[in-house]
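**Q** So the chains spell out like this:
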Amino acid sequence: MGIQILAVSANTTFSQQTFAESLKLPYPLLSDFPDRKVIRAYGILNDRTMTANRTFFLIDPRGTIRKRWIVENPTTTVVYSDTLLRDIRAIIEKP
Amino acid sequence: MIARRLALALLIVAPCALARAESAMAPLLKPLDLAGYPTRTTPPHFSGSTIDARRLAIDDLRGKVVLVNFWASWCAECRPEMPVFERLHRELAPKGLAVVGVNAREERAAIHRYATELGLTFPLVLDHDGKINAAYGVVGLPTTFVVARDGRVVALAVGPREWAGASARALFHALLAEPSPDR
Chain A
1 MGIQILAVSA
11 NTTFSQQTFA
21 ESLKLPYPLL
31 SDFPDRKVIR
41 AYGILNDRTM
51 TANRTFFLID
61 PRGTIRKRWI
71 VENPTTTVVY
81 SDTLLRDIRA
91 IIEKP
Chain B
1 MIARRLALAL
11 LIVAPCALAR
21 AESAMAPLLK
31 PLDLAGYPTR
41 TTPPHFSGST
51 IDARRLAIDD
61 LRGKVVLVNF
71 WASWCAECRP
81 EMPVFERLHR
91 ELAPKGLAVV
101 GVNAREERAA
111 IHRYATELGL
121 TFPLVLDHDG
131 KINAAYGVVG
141 LPTTFVVARD
151 GRVVALAVGP
161 REWAGASARA
171 LFHALLAEPS
181 PDR
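One line per chain: the protein sequences are A and B, in this order.
The opening position of the first sequence corresponds to residue 1 in the working numbering, with each subsequent residue numbered one higher.
The opening position of the second sequence corresponds to residue 1 in the working numbering, with each subsequent residue numbered one higher.
These aren't lab readings, by the way, just hints derived from the structure by calculation.
As the structure is a computational prediction, the values presented were derived from the model and not from experiment.
There could be a bad hint or two in this list.
Below are the DSS-like pairs computed for lysine-lysine, each with C-alpha atoms no more than 27 angstroms apart in a straight line [said to hold, decoys possible]:
id	chain 1	residue 1	chain 2	residue 2
1	A	Lys37	B	Lys131
2	A	Lys24	B	Lys131
3	B	Lys30	A	Lys24
4	A	Lys94	A	Lys67
5	B	Lys95	B	Lys30
6	A	Lys67	A	Lys37
For each label pair, taking beta carbons as the anchor points, the in silico distance ranges come out as [claimed, not checked]:
id	chain 1	residue 1	chain 2	residue 2	range
7	B	Gly159	A	Asp47	50 to 58 angstroms
8	A	Arg68	B	Asp59	36 to 44 angstroms
9	B	Pro94	A	Asp35	25 to 33 angstroms
From the three backbone atoms N, C-alpha and C, an ideal C-beta is built for every residue, glycine too.
Sequences are here, hints too, so could you generate the full structure?
**A** Structure follows, in structure tokens:
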């Protein structure tokens, strides 16, 4: 589909490397620790935990955010890739 | 856990690559399928209480080669490694190897029983609140880190390895042969 996945979190790069290795993640993890500038800029910082609220953004080649998925109850919610892919496909195929 | 840590995912339409510095230890890591680290990466500091109520801080082990193993008594894959770590501890501690076990969120009594049953004498650090596990990014057990005498982290193993085999011994001997920064 020509999509690059980037994952951002408020964890250290050290912690992220272990996490990526544990799950054999095929995409980069970006650390926004300690400043959390990106997470703040995207408006999803949880001030209590100082972590990001779990959210997906779809950004098009011109840099425009086409859609945002906010995951409610992030510790218990499973995000199904099929559902996400279907949504993404529908957006990308729109002129 | 995944939900908490992968708090935000960005999807963009542009290629991206992360450069990773090649470790000079790479030939020694490959046979054990160990992940390496960029040059001068140091592990997060931690300080914790051991099951015999001593304080242990990783910074205090500078000058030694340190093997930090994250484990739990319920972890079936951890169990066969523990006697191996005990053997390495007894054999290589005099040469400068420090074996440290960091438990995952269990109570002191349960850890003590496990250690007694397996005859473990190397330090076992408690991590009731999981903060040490989180700082190291541990999401699966066993997970093991190898730190050189100068404090740089050399290797990461997610899952069990043959720590008593020839490849592991070659790695430990190479690291033990490095000069201590205190000398």
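**Q** Does each hint hold? Answer for all of them.
**A** Okay, the hints, checked on the actual structure:
no.	hint	in the structure
1	Lys37/A / Lys131/B	23 angstroms, holds
2	Lys24/A / Lys131/B	23 angstroms, holds
3	Lys30/B / Lys24/A	16 angstroms, holds
4	Lys94/A / Lys67/A	13 angstroms, holds
5	Lys95/B / Lys30/B	24 angstroms, holds
6	Lys67/A / Lys37/A	21 angstroms, holds
7	Gly159/B / Asp47/A: 50 to 58 angstroms	37 angstroms, violated
8	Arg68/A / Asp59/B: 36 to 44 angstroms	42 angstroms, holds
9	Pro94/B / Asp35/A: 25 to 33 angstroms	45 angstroms, violated
Comparing the model with each earlier hint shows violations of hints 7, 9; every other hint is respected.
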